[in-house]
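Undergrad: Sequence:
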Amino acid sequence: MILVTHLQDLETENLIGDDALISTMLNVEAALARVQGRLGIIPKKAATQIDKVAKTLKVDAALLSKAVMRDGVPINALLTRLSETISPNYRDHIHWGTTSQDIVDTAMMLMIKNTTALFEQRLSHTVNELAVLADNHRNTVLAARTRNQHAVPTTLGLKIAGWIAPLQRYHKRLAHLEYHLQFGGAGGTLAALGPKGLDVAGALAAELELSLPPLPWHSQRDFILEIANWLTGVSGSLGKMAGDILMLAQTEVGEARLLSAGGSSAMPQKNNPILAEVVPALARRNAGLLSTMHQSALHHHERDGTAWTLEWVTLPDMIRTTGASLLHGLAITQTIEVDKAAMNNNLTPGLLAEAATYALAAFVPKTEAQLLVKSAIHAASETDDKKKDFLEILASNSTHPINWEALRDPTNYLGTANSFIDTVLKEIKK
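Residue numbers (my numbering): 4 to 433.
These are calculated hints, taken from the structure and not from any lab test.
Predicted, not measured: the structure shown is a model, and the values here were computed from it.
Any given hint could be a false lead.
Beta-carbon label-pair distances, calculated as ranges [said to hold, decoys possible]: (1) Ala178 x Gln152: 32 to 42 Å; (2) Gly308 x Asp425: 47 to 57 Å; (3) His297 x Asn142: 36 to 46 Å; (4) Lys61 x Pro91: 13 to 23 Å; (5) Lys369 x Asp425: 27 to 37 Å; (6) Pro169 x Gln223: 24 to 34 Å; (7) Gly246 x Lys61: 36 to 46 Å; (8) His297 x Ala409: 27 to 37 Å; (9) Ser127 x Asn232: 12 to 22 Å.
Derived PhoX-like pairs: lysine-lysine, alpha-carbon spacing no greater than 20 Å straight-line [claimed, not checked]: (10) Lys433 x Lys175; (11) Lys47 x Lys199; (12) Lys175 x Lys429; (13) Lys48 x Lys69; (14) Lys61 x Lys47; (15) Lys58 x Lys48; (16) Lys175 x Lys116; (17) Lys432 x Lys175.
Where a beta carbon is used, it is the ideal one built from N, C-alpha and C, also for glycine.
Produce the entire structure from the sequences given, and follow the hints as far as they go.
TA: Rendered as structure tokens:
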């Protein structure tokens, strides 16, 4: 659909789309046959042929879609196609001792594992691009804004470090996500495999390079929810970054712009920061989908088609949304342009109100200092002399030995900004 082109990410789609699901399910069936052949559960010749055919078989996605409408799962039709291409002597050994959910869930875990590997690369590139910007702008002063009002002076480098820090933490959390084999058979007992059930499970997990959970998780979806939470957190952190840039790019602020900005059909002067709009939209989309994912955790008994279906229509969209967020977020870091002059011009004397308060608090109680500063700010707003600011009024009324000229310089009230930037950048290098 044209209006959701922003969601298109071909690289992610190739890892999570229908074709990927089909080939991955076939790979799981092939791996199961190989393991069971080695363990003597099915004949080795059967295992060899199932493995060979499953690796090369092409299955039409439309065929499986019809099967899902009929059976609620794609596996029955997949097995039919597989059986059609295998010797009649070996057909009974396909899908031995397992169930549809084992194959679908395991395939999903494999696809998610591949996709998060891609996301890790994009996340690393984004963090590295931001790290360069943070270091380059550690001395670029601008107004810190709290509740959309000027607060105190800060640096663009520190603001960018604030974008980096959560992305870096999500990068670390990625290493702790677990990709588990799903293998429990019809009711989660592996009864059809008799005493060799655990042997098959362990060997299959090793074959597919997945973790072996303590027991099948057909109706325990916390593993999936952890992945969904991670996806939402990444897109949300990118959305915060893009949202800040969107605010800085406002015409009346003009402190940043995107070189890849778009135009308007009616207003030729417009330079619309499209990417900075798209990424927060994607973040909000994932936030809504996460709520639906948590609804899908409510599985009844040992298997629940309703909850499972809800997961199918939600999780892939979350993956696509995060992929697009990372793609566009990286593009933003590579196309942002900073206007230092605008940042300097937008600095106001009021940004130094806290600095003046603490300078006075060295000589009078803090509450009295606050009252003196508030009174000077009020007086400055009432005077006809627009060049006279509250600091000048404070200085003229004060007998305390305060260096008012030094106080007027916002670079003297940046606290530990550079130390914070250094801490974040050092974490990246580890």
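Undergrad: Hints first: check each against the structure and report whether it holds.
TA: Here is how each hint holds up against the structure:
{"no.": "1", "hint": "Ala178 x Gln152: 32 to 42 Å", "in the structure": "holds, 39 Å"}
{"no.": "2", "hint": "Gly308 x Asp425: 47 to 57 Å", "in the structure": "holds, 53 Å"}
{"no.": "3", "hint": "His297 x Asn142: 36 to 46 Å", "in the structure": "holds, 44 Å"}
{"no.": "4", "hint": "Lys61 x Pro91: 13 to 23 Å", "in the structure": "holds, 21 Å"}
{"no.": "5", "hint": "Lys369 x Asp425: 27 to 37 Å", "in the structure": "holds, 30 Å"}
{"no.": "6", "hint": "Pro169 x Gln223: 24 to 34 Å", "in the structure": "holds, 28 Å"}
{"no.": "7", "hint": "Gly246 x Lys61: 36 to 46 Å", "in the structure": "holds, 44 Å"}
{"no.": "8", "hint": "His297 x Ala409: 27 to 37 Å", "in the structure": "violated, 54 Å"}
{"no.": "9", "hint": "Ser127 x Asn232: 12 to 22 Å", "in the structure": "holds, 20 Å"}
{"no.": "10", "hint": "Lys433 x Lys175", "in the structure": "holds, 11 Å"}
{"no.": "11", "hint": "Lys47 x Lys199", "in the structure": "holds, 16 Å"}
{"no.": "12", "hint": "Lys175 x Lys429", "in the structure": "holds, 14 Å"}
{"no.": "13", "hint": "Lys48 x Lys69", "in the structure": "violated, 32 Å"}
{"no.": "14", "hint": "Lys61 x Lys47", "in the structure": "violated, 23 Å"}
{"no.": "15", "hint": "Lys58 x Lys48", "in the structure": "holds, 16 Å"}
{"no.": "16", "hint": "Lys175 x Lys116", "in the structure": "holds, 15 Å"}
{"no.": "17", "hint": "Lys432 x Lys175", "in the structure": "holds, 13 Å"}
Comparing the model with each earlier hint shows violations of hints 8, 13, 14; every other hint is respected.
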